[in-house]
Amino acid sequence: MKYLFRCKFTDGRTYIQREDDLSLKDKTKSAFYDVKDENIDVFWIEGDGHVYLVNLIDGSFSIDGIEFFMHDRDEKLNDKKLVYYRQHTHQFNGTDEVNHEIEFHFGWQADDDQGNNVKHIMRIK
Amino acid sequence: MAATFAWCEDNGTQTGSPVHGTTRGGYGGSGTNPTNMNWKNIDDVSSAYSSYPITVPPSGSAYSFPKYQYGYFTGTFTQISSGIWSANTAITVAFPTGVSLKGTVTSTYATPAATDASFSTDFTSVVSIGSGLAVNFVPASSGGPEYGSPSSTLSATGYTQYLATQLIVASTCTSPGDTGTVTATLRYNEN
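In the order they appear, the protein sequences are chains A and B.
Quick note: the first sequence uses the numbering used here, first residue 1, plus one each step.
Quick note: the second sequence uses the numbering used here, first residue 1001, plus one each step.
Please note that a few of the clues may not be correct.
Computed, partial: chain B to chain A, Cβ under 10 Å [to be verified]:
id, residue
1, Ala1002
2, Glu1009
3, Asn1011
4, Pro1034
5, Thr1035
6, Gly1071
7, Phe1077
8, Thr1092
9, Ala1156
10, Thr1157
11, Ala1184
12, Tyr1188
Keep in mind that the hints were calculated from the coordinates and are not lab data.
We put the CB at the ideal spot given by N, CA and C, even for glycine.
Excised from the complex, chain A in its bound form:
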């Protein structure tokens, strides 16, 4: 896998996704199963010499330590939750796969004071 994820939980523990992407709780599941229901403060993916990070406390992102925001910091957003998935795009000529692209999507979603769901997602190829 091009990028492996790590995260720091609110209680101070850290989690490191292994190369085999197997859950430590349930070997039939992937590593994300171990973190998806946890309270996470910081989540990042690293690989290919780069680190891409999302801070679920203030909603900031960073690339190789350079921090930025993708939302108005005055916006009232409640209870930011991690969003993470790999988007697979398979192209086939007949049943022969001729291309398989994987794009890493991660960031956060939250509700504003009007109940509208807001998402800010970084996409890394």
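Please build the complex by placing chain B on the supplied structure of chain A, with the hints as guidance.
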């Protein structure tokens, strides 16, 4: 290790409840997966399309036997979601006049025949994956692509719905021969 994907295909007389093909290539990891997606005048995965061409009719239209293919996900994953499919995201040479490709995403199998399957989406021109058809999933514990209550997410080994296609040749076709090679695309999210 993450999710792995393989193509499957149903052929033959509808059977079972809900109905599915009598012959299930690749179903349940059987290893008899289809190795092509050729539209032809026979309902199987193995016959050469050149031996079973769709002949330009003197009037009206001629139809390939519909292809009822579907995907099979195995491996370890937490969830697969947001499935989307297009039967034609690229083609080497555009379909000639009078030749059209229709498709649909469905949980309904019908015994294939060389008649109009009435698949509703026109894939004759390129349809980018962003404009493709939503695909739902069925856990293997519930059944196969024919299962009547598919879900937008999959959390264990399972299938897509049928990704069905049919080639149609009208009497107006003046360029018989092999069509261009069509690229189909399937997209989904996995974590």
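Going through the hints against the structure:
1. Ala1002: Hint holds; Ala1002 (chain B) Cβ to chain A Cβ min 6 Å, cut 10 Å.
2. Glu1009: holds (8 Å)
3. Asn1011: violated (14 Å)
4. Pro1034: This interface hint holds because 5 Å falls under the 10 Å limit.
5. Thr1035: Holds: closest Cβ of chain A sits about 6 Å from Thr1035 (chain B), inside 10 Å.
6. Gly1071: Holds, because the Cβ-Cβ distance from Gly1071 (chain B) to chain A comes to roughly 9 Å (cut-off 10 Å).
7. Phe1077: holds (5 Å)
8. Thr1092: Nearest chain A Cβ about 9 Å off; hint holds.
9. Ala1156: holds (7 Å)
10. Thr1157: holds (9 Å)
11. Ala1184: holds (5 Å)
12. Tyr1188: It holds, given that the least Cβ distance between Tyr1188 (chain B) and chain A is near 6 Å, below 10 Å.
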